[in-house]
Amino acid sequence: MTVALKLVRSENALHEMTSNEHARILGALPAAVIGLSRDGTIVLANESAVRVLGRDSQTLIGTSVADVLVSMDEIRRAAGDSADERAMGHAAEDTGRTFGFDVSRIDASEPGSAEYAVVFRDITGFEQLRQERDRLLRLAAVSDILPSVLHELKNPLAAISTSVELMLEELPEGTTQEDLHAVLTEMRRMKLTLEGLGSVGRSLLSSRNTAVDHALRDAVRVLGAQARSRRIEVTSDISDMPLLPVDISVVRAIAFNLITNAVHACDAGDWIRVGAGFDAGSKQLVLSVEDSGQGMTPEVLERCMELFYTTKSKGTGIGLALCSTAVRSAGGVFDIRSEPGKGTCVEMRVTLPGRAPVKGPRRARRG
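Sequential numbering from 1 applies to the sequence shown in the working numbering.
If you're looking for bench data, these hints aren't it; they were derived computationally from the structure.
A few of these clues could be false.
[Unchecked claim] Now the in silico label distances, taken between C-beta atoms and shown as ranges: (1) 269 with 124: 36 to 44 Å; (2) 56 with 311: 30 to 38 Å; (3) 228 with 329: 28 to 36 Å; (4) 59 with 284: 21 to 29 Å; (5) 312 with 284: 26 to 34 Å; (6) 329 with 174: 44 to 52 Å; (7) 160 with 202: 20 to 28 Å; (8) 182 with 159: 16 to 24 Å; (9) 283 with 131: 36 to 44 Å.
[Stated by the list, open to error] Calculated lysine-lysine pairs in the DSS-like style (CA-CA distance at most 25 Å, straight line): (10) 191 with 154; (11) 312 with 342; (12) 191 with 312.
Here the structure is a predicted model, which is why all the values come from computation and not from measurement.
Even glycine gets a Cβ: it sits at the ideal position worked out from N, Cα and C.
Starting from the given sequences, assemble the full structure and let the hints guide the process.
So this is what it looks like as structure tokens:
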């Protein structure tokens, strides 16, 4: 009897030692590991799992896996039918985090013990990189066909615009003229949009001198009509400038993006102010767009110039990124100040090459 008792005690001690050793090894693993019972209850969790899931071990044990990671149906599908089969899956949390996980079936020694071993990790960063890679590939595909598409669109658009302008000169004032003015305004807005697409990757500086002030006033007039239709007040203070060595289509594209963003950030009753000028002393071209719209949180403000970052469901996330790249590539400064509920102010400053700007013939100021 004494010998039998000693044997039982030895076996228990060996079992306890083995269990402690398993627990020690499991706790030392850098990977997050949980064990699940047949119904999906967490019966085991190592320190890495506790840390990744942001729960303490006492509350985690006994919790359903569906409450912290993924449904039990997903676990079973990932595990498959074979006891030796392992599979991978991924799960997304409401917090925006994404987890990748491996599932293995294990033999349960007793009721309520672990039947599934789940090894998981936070792959949010990798998932974001994958999404940005896919968007870059899509952008590259679009860039390949963009020049020919723009060419096919610009030519008929120019012809239609010319025809509408001739009709406006010949028709008497009335409802038809008002309708044609509305059509012409929308066509000019389309032209600005196409110029914005066509200027991607082009330098802001140019060997040709252009009338930047006239181009900016045209942009404000065209986009201002869209803003006023939403009951948003648009004002501008664009100084007369000499002819400047700047690519006028890139300047218009920057103005288009900044004013369009301001319109989207504003509600009825808000305002947008556009300012521009050339400082002869510092040889700086300055453009600013300020609005009284919703503003940006510090988190959004920090990332708003990242390529493909957007808070809009149908946004591309390329407008501000391309604007800032164009300005900074020309040695300029692109600054954004914003506060939630108080609006946003975007300002660009570019020092132009040392040669004196050309004083060209001036037209009457409009807008």
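Right, here's what the structure says about each hint:
For residue 269 paired with residue 124, a C-beta distance near 39 Å keeps the hint of 36 to 44 Å intact. A hinted range of 30 to 38 Å holds for the C-beta pair residue 56 and residue 311, which are about 34 Å apart. A beta carbon spacing of about 34 Å between residue 228 and residue 329 agrees with the range 28 to 36 Å that was offered as a hint. Between residue 59 and residue 284 the C-beta distance comes to about 60 Å, which lies outside the given range of 21 to 29 Å.
At about 32 Å, the CB distance of residue 312 to residue 284 agrees with the hint of 26 to 34 Å. Between residue 329 and residue 174 the Cβ separation comes to about 49 Å, which falls inside the hinted range of 44 to 52 Å. Between residue 160 and residue 202 the beta carbon distance is about 25 Å. The supplied range of 20 to 28 Å therefore holds. In this structure the hint that residue 182 and residue 159 lie 16 to 24 Å apart at CB holds, the actual value being about 19 Å.
One distance hint, 36 to 44 Å for the beta-carbon pair residue 283 and residue 131, holds here, with the actual separation near 42 Å. Taking the CA atoms of residue 191 and residue 154, the gap is near 7 Å; set against the 25 Å cutoff, the hint holds. A threshold of 25 Å between alpha carbons decides the hint, and for residue 312 with residue 342 the separation of about 19 Å falls inside it, so the pair holds. Between residue 191 and residue 312, the direct Cα distance comes to roughly 23 Å. Compliance with the 25 Å bound is thereby established for this hinted pair.
Against the hints set out earlier in the document, a violation occurs for number 4 only.
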